[in-house]
Structures are given as C-alpha cells and as structure tokens.
Amino acid sequence: MRFALFTLLTFLIASSASFAQKTFHKNKVIAHRGAWKAQAHPQNSLASLKEAVKLGCEGSEFDVWMTSDGVLVVNHDADFEGMEIETSTYKDLLTIKHENGEKLSTVEEYLKAGKKQKGTKLIFEIKPSKISVERSIEVAEKSVLAVKKMKAQKWVDYITFSYEGGLKAIEMDPNANVAYLTGDKTPAELKEAGFFGFDYNINLLKKNPQWIKEAQDLGLTVNAWTVNSAEDLNWFLDQNPDFITTDEPELLFKLIQERK
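Under the UniProt record's numbering, the first residue of the sequence shown carries the number 1, and numbering increases by one thereafter.
Don't read these hints as lab results, they were simulated from the structure. Note that the structure is a prediction, hence the values are computed from the model and not measured. Don't take each hint at face value.
Simulated DEER-style distance windows between Cβ atoms [claimed, not checked]:
1. GLU258 - GLY70: 43 to 53 Å
2. GLU99 - LYS213: 41 to 51 Å
3. GLU81 - ASP217: 38 to 48 Å
4. GLN257 - GLU192: 33 to 43 Å
5. GLU99 - LYS54: 13 to 23 Å
Where is the CB? At the ideal position from N, CA and C, for every residue including glycine.
Model the full assembly from the supplied sequences, consistent with the hints where possible.
Listed below in structure tokens is the structure:
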C-alpha cells in the first residue's frame, strides 16, 4: 500500500513538473503588450492578457519598470498616464487608472493572473532603467526573484533591451530563457553569453537575414518585433522563426491557418 502511494505521488509530482512542456501552445504567436488592439483593451492590462489567453496565443508580452520605492509594475512606457514610474512611488501611481478602470498591476499581481492558465507563456520584458545601468541590473535581479517567489518559472520567458540586465537574469536563473532585443549583438555573441535567442526589430532582420540562419544553426530562438503588416508577417513566416511578436495576433493566426 505504501509503495503504491509513493508511486502515485511520484507520478503526480513528475506530471506537475512537466506540464509546461506539454500544455503551452506552440503556434509562434506572441501578443505584444497582450492582445489589446482588436477589442480596445488597455495595453499591458490584465484584460489584454486575458484576451491573449482567450485567443490561444503562445505568449503574451508585458513590460516591467521599478518605482522609486522598489515596486515592480507592468506598463510599456516610462510614464503611466503622464506620471514617471521610476521617480514615483507605487502609492502615487495608484491615483491613476487604466481607461477600463484597472489599476496599474504589480508584477506579482500580473503573474498571479497569468498562472491561472497553462496555455499561454508570459513574456516578461525587463525594461532598461533611464536612470542608470546599475538600476537596470537591479530591476533584472528583482524580476527574477519575483518570478521565483511566485513559482512562475514555467510560465515565464524573459526579454530585454538591457544587455547587462539580461546577463543578470541569466546569472540569477541559468535555466531561464532570456532573449535580447536591442539588435547590436551577433548570434554568436549571444550564444557565447548564454542567451536563449534574439528578438530583434523586423526591419533589422530584413537587412540582416543571414542572422536568422546563423541563430538557428547555433540553437538560438528567433523572434522579431513588432510585426504587424501582412507583408512582413508573411516574410517572417517564410523564415520559419520560433516566435513572432505582433499587435495583430488575430491576423497572424489567420495567415498561419491559410498556410496549412
């Protein structure tokens, strides 16, 4: 009886540990700032995250800044409705709301919402600080600690324009998937530094298409931002990328379906 219970518990633990590999969607579609455009949700809101989950996107991207009092919050721009995030306290930022009535989410609140499902990955962008490189590194460190605290590692992939922040995230969690955004590093340099892949601007990749194959040959993942036109989406689909970051996830799903 004890052996049977032990075997069952072992199976359940193993199943729980491996769900990420079995249940997350594999369709290349990364909703940029969530799926916000078609349904007029605020960008980076919980509503746009839920819409991305509803659509069945492989990932939903969101952006993270740190307030003056050390709180990690989710917003794309350096300011939230005109209030500078890095020089404001979280309490001050709570005096403003998204147009749908949502307050500015903390990272922990966003991760908690994202963990309620097991289909869409959470693409965590660590925003580079406008104050200092040192602060960018601190944001990266606190970001990884927050993900660990929320036990959200299976849901989260990281992206960042901060090379130093990316290196810090890799140092903090060597098993994490961290991709670089800026476009000033070759695939070989990223591989050497321990990055998971690149997520470069679509126009940069169209000028340097050889980087796509170089990255693929090195085992790095390939992504581009922000790919919105049907022409660019089709061009990038022809390159067989791992992911495509877009404000038009519905259009991308349509184009992928037409290729089947």
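> Can you name, in rising order, the numbers of the hints this structure does not satisfy?
Replying inline: Violated hints: none at all, because every hint is consistent with the structure.
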